[in-house]
Amino acid sequence: MTPKLSKFVPYALTGVLGMLGVAGALIAPGTNSDQAVLAAEPVSESSMTTRRLTSEQYKTVIADVFGPTISLGGRFEPELRVDGLFEVGAGLVSVSPSGMEQYDAMARTIASQVVDEAHRDLLIPCKPQSVTAPDDACVSEFVSKVGRLLFRRALADEERQAYVMAARDATETLGDFYTGLSLSLGAMLTSPQFLFRHEVLEDDPAHKGAYRLDAYSRASRLSFFLWNSSPDLPLLAAAEKGDLYTEKGVAQQVERMLDSPRLRDGVRAFFSDMLHFDGLETLTKDTTIYPKFNAQVASDAREQTLRTLVHALVDARGDYRDIFTTKETFLTQELASLYKVPLVNNVPNGSPDTWQAYEFPESDPRAGIQMQISFVALHSHPGRSSPTLRGKALRETMLCQKVPSPPGDVNFTLVQDTSNPVYKTARTRLQAHANEPMCAGCHKITDPIGLALENFNGAGGWQTKENGEVIDTTGSLDGIAFEDGIGLGQALRNNPAVPSCLVDRVSAYALGRTPSKNEAPWIRELKDHFAANGYVVPALMKEITTSPEFFRASMPGMDEMKEARAGVN
Amino acid sequence: MLKFSEETISRGDLFLRASRIACLSLVGVGLSAQAASAETRSYVVGWFTQAHYSQEGDCPEGLNPGYEEQVPKSLAALGFSEEEIAALLDAEDVETRYKVRDLINNRARIDGKPANAYAHPAAVVDPQLKTVVGDYAYGFDLDAKGDTPGSFEDPQTGDKGVDNELFRVLGCMDAFRGTLANAPTYSAWSWTMMKDSTPAWLITLEGDDLERDGPIKIYFDRAMEFVKSDANGKPRADMTYRISPDPRSHNVFEGEIRDGAVHITEPDVLNLLQDPLVFPEFTLHNTHLRMKIKDDGTVDGIIGGYQPWHPIYFAYAGGGLAVEHDIMGNIPGIYHLLRRYADAMPDPETGENAAISASYYFEAVPAFAVAPGRAGFESASAQ
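So the sequences go chain by chain: F and V.
Sequential numbering from 0 applies to the first sequence in numbering that gives the first Met the number 0.
Sequential numbering from 0 applies to the second sequence in numbering that gives the first Met the number 0.
Because the hints were derived from the structure by calculation, they are not lab data.
The C-beta atom is built at its ideal place from N, Cα and C for all residues, glycine as well.
Some hints here could point you the wrong way.
Unchecked claim - Facing chain F, according to a computed beta carbon distance under 7 Å, are these residues of chain V, among others:
id, residue
1, Tyr66
2, Ala230
3, Met238
4, Asp245
5, Val369
Next comes chain V alone, as it looks inside the complex (with noise of 0.2 Å):
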């Protein structure tokens, strides 16, 4: 099986010349010894989306409401009355509208004085957002605890005692609805604007044999480069991309395959740099990971684990009144709701959860990753 490295493709030869590629694929080599033997393909991801299945009946309070319906509630719990309501969000002229704004922006209170509600959510009056309280929900069995209460069974795998807190938390906002097939709106709009504008995310499967059952090592790693889309604007197959040297993104799993299916078996913690601006970093402790390699040469899967939810919050409030007023409704709510469902890494002092089960859902194609220094891998399809 053909390896190259960056570094050979650099050397001051006119034509590359793959018999050297070859011969020098170990050179600065980062993997394992017996990489000398093993078989290596690689993936980009081109789709990635919390991992939702909303169903009829799951929210049976109904969903949360919007931010039309949620403004004359903060000002209430401003202490504004009914009429005062009335007038401010009746009133045509700009400069009350500006102060309704304004009132929102700052509707948390600090000694008693209005502050950003969305950088001091604590200090917003708790909405009580409704929550999922559905059966199923996608995900792995973070805890070890099994088929226990409040724990989710897997529509794909009948598994039982699924954690995926994140999803009972958001599950019932509009924006959040949604299956595998029909990606939450928020998952889609975060996801295609960031997609071609951040550097993509690579998998590769390390083994002897990756035909059959048996244990392979799982490499999670940041590219240099977008990803690089086709003619339909999906992620173009068997492109190369160069796997980025900072190592806050280079990760390394213990895996199988298994019945055709890869899987982590030693969880541990996944760290992905992301766009700085929406999401600036993806970290799933004790990560698991099912993913199916299609005949197609495309994989999809599910990865979950326990994530860090301030970074969630965040990557939220960072759109403040904009994205309250058009996709979240209430963000100081979702603060309340990932405190209150967090359920794993307490802090030992304070004995508050810092991170919450979540499911994501992925979608990745075959390609090149060049790892600068190091071996590289191959593309799936080169096969």
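Extracted from the complex, chain F is given alone in its bound form (with noise of 0.2 Å):
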């Protein structure tokens, strides 16, 4: 380590420490010493979470606090998906070495552009008195302004301090205030408090010997539920006003989060995380069978499903069940191509493809984004499509249904010969593939439903026969036959394991973890609610947050550890 870089120790152990997963309770910085932060707490019922921010967290805090136009320049750790969804698997995730260098690596990356000539006026809201020399001042201002939105609450005198004098180390030493500043503000990327969202315990007034959750950690939970972010200004000054430990405070700040354009924001990430649209960003094809596929076309699938999900639930207020047999999406050239529907792009040659609303025809044989590429692609092989793989999707992302894997010993052979003589469909394929006992089982619950997708080859494009056979796309669902994927969708809008399925999902990302048997009556409670409402999403989302389970916060142990730490102390 160079000697100019020592000074900055103290600040990167403090991240690493933090990012390493140190379990137990740590005082927050800027808490009183009642007040304490859970690390990497296994989710347990009712327990208090400290959630990694996911990937796509991270980048719209960024964007949202230093603007769009700063880039990120690195890479995330993978992520841990646990009862379906990342935000649950968030909660006990830690950071590696090597995710650590990533974390520092885009925080410097990060750092500079904001001080650099073409941000800094923009993001720095004071001008140094010399750019050569530490202006304790001036870096307090920012630290100030810019911790609160990163750390999601005010900064402590004392941690301001520390960062202030970061800054001051560093500009003495290299002699140039902006990246004593950029050293300063890295150091508050890649700290803890940053990466992770505590969520505090306090002592509950109202209640003598309970705990409740602070106000921060409530406009947090707010925020990344609602609009996938940290708290915006109005929510922070909510906090600090103590609006949100009551009722009407609540109410006022989720109906305007509601109101609000990014509540698209929350609802796709929500759905990004629900339908694993994670695997879409390295969704590879063999392009000598799907020469249309390509990363654009993955990453336009991605977007024309939550774009019909964003139109249908969000800005239409529309029935969620009927997410499985709408005809209305959004389409580019690119995607009207494998779906092979005309698309006229009014652009200059050379342009990016535009987004387009489009109804697929009565007559069409898609609808529901079951039979949208981002399913029917994400969900088959490289080079064929998967009955089995998409039948497993929608009983585990639909239904909330638990499919087993494969034995570790089965023999594939048969249904991954595509060109078998014999068996010339995937469905005789896998008829013969599941005459094997081992395997009939979970076949008989995944294979019905998969195979009334089988109009949709591996990439997602149309066909209606396969090797010179015509594909039978007919099947069932919990004993409601079906001729073929439209009739699949019009089972799952039926079915009333789907909405209630997308509840538990929905509740589970709230908390960040899957929600307690204590909890159930509330969670059927909600599910009641969700169909009298006409199964609109926002509607749920406003029942979840304005109740008060979802601020609801006790700790097992917490007793035996103030009793603990006063011994200590």
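Take each chain as given, in its own frame, and dock them per the hints.
So this is what it looks like as structure tokens:
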């Protein structure tokens, strides 16, 4: 380590310790000794959570705080999906050494852009007395404003002072105010206070001996759930005024947030997580077989479905169940070519594709998001479709059912042999394969629904024949028979497990953990109200965020921890 | 069968509704009366090249020499002695090299004065380039005179009396030797260079039932968009193209499907605008076509006719010394061959033929064609 950088060891070390998953309770900077921050507490009944920012949240927060022109210049740690959601897994992950390096690289990249000549006048609220000398007042102003947004709370005096001193030390050593400020900002961006969403408990004055989430933690819960980002200034102000301890105050903020266009970001983030859209970022196909599929198509496919969902669920406040039968969507020309529908791009040659609203005709065999490329291509193999993967995905993501993984010693040769002269279609190959008793059980629950989507090849393109044989798309879902993908969509729409599953997922996403058994009555109530309200998703989000359960906090062992701490002191 | 028009697409509705598209298919229609019930299929041309059939022995005197061998001959034609030529070409100083370049560039003579050879090829001594003497060439019996002396036999169909003098002219130059499977270097270079920066060409078939033999109409149009590529760099199927409203690139032919192949039955003029820098306008007179519809939905075929030869020449000459050096060897020599072998459209006063028989090979993939202000066409694979 160079002498110049050695002064920053304490700040970096703080970040590393936090991110290596030091278990137990830490005293949160800026809180009194009765306020505790949990690090990587196991997900359990009514426990608090400490969640690592997901990659999407990290990107969104940086864009919100510093603007969309700031590039990140790094990659993120792999995320962990638990009970179908990254947002639940985010409470169980730490940061690896290589992940820390990436966070550090991104922090330096971001910080250097914030202070560069192109951005400093906009992003730094003051000018230093001299660009070669420390200016504590200016740094303090910057750190206070930015730190409040990054750490999602006001910085404590000693905390702010630490970052001011870091900038002073660096400026004195390096002789450049902005470089010093950049290093201090980099330290903030690698701090666990930024990278992890700590939830803080405090004594509940209304219930002696009990605890409640502090106001800032409430603000973060609201903003990450509804907007997938950190709290904005009005929400932080509401937290600081104590409004988030009252039903009325919470309701006011929820109304404001639900009315905001940023609700779309929250809904997009939820469905990206629920539908496993992270898989589309690395999805590749054999272009010899599917020459129309490329990385742009994969990206557009994700966007198509998210636009479809936002339009149907947020803009139109429509019935959630209709997403399985809707003909309305949005397309680019490249997607349209895969769907084999005309779409004019009225832009000059060489321009990026534009998005256009599109409604498939009544006679078209496509309807619902389960027939969009983002689903059928994602749940396929690189060179062939997969009724089993599609059926499994439908069961697990839309119906919240668990499909066991195949045993390790299964022989897949038959299903993989797409040129088999005897078994010409996926159906016949699967039937032959599923005759093996060890395979039959799972295939019974996946294949009858997955085969209904066999008119879509592994890239989402339309096909009616395989190896010259007409594809049979008949099937059934929980006793409801259908002829094709349209029928499957209708069966999904009418299946009570579908909206029930959504409530389970949304509530887990909101809490950052799987709801406990004690919360089952609340979940049942949510489901009843969801149905009564016409399956309108923002209404569900509103009910969740205005329920006492959303902010309920209790921590097993908290008293013992406090006693132990008292003993130490 | 659905049709749609751009007028429909530009309506104010948020979502395009195909039912309305179908109802409005004849808004501003420019098609024939029976179009209302006709089926249409469109394709975008993804590959276009001279249909050459270079075979062993079709240039018995060997190929035409390249630039390095042509230069001494050109200098000799200008009156330089062998010693002077050797001195000029052996010199390594820049000034002498520039001098040779200028001599070649301006080897035309007008009233005894140097002139640009590529702009004034008739004023350059004819180098007597060699031509194809083989028996086979792709194309059509354009003059309908049958198996006359000098005509070719089509290696694909076995038809005799084929007129393809452009192949005869170009076929003994290295850059123009090739087959349908291995395109001539020049064609491959020029098409590849143009396709990503030149509006695409569209072919549309219109008939009562395109699955069966019978009369059809064949449309050739220029799009407003370039050809879009797929993940393999080949034309991406089922993309949507807007048909250019420029009437100079709108062509309609009477045709038929016969034995599963598409033919023009009433040959006429085909005109398509192309890249102004390479080939400003592609024109065929007495246009003939045979196009095969393949099982995978794509098409390929041969299109031929009499092509005005001056534009052909100036497409090559526009590159000047660079193209002559890298590809052609002797560009004014091609001028003399084109003029000599031109076989159609005699000038009423001079009797000199203005066009030369030619054939081109093309491949096309299904596409949607949208006509501003008139009905559009369905992608061939969207049936």
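Going through the hints against the structure:
| no. | hint | in the structure |
| --- | --- | --- |
| 1 | Tyr66 | violated (35 Å) |
| 2 | Ala230 | holds (4 Å) |
| 3 | Met238 | holds (5 Å) |
| 4 | Asp245 | violated (15 Å) |
| 5 | Val369 | holds (5 Å) |
In summary, the numbered hints that this structure violates are 1 and 4.
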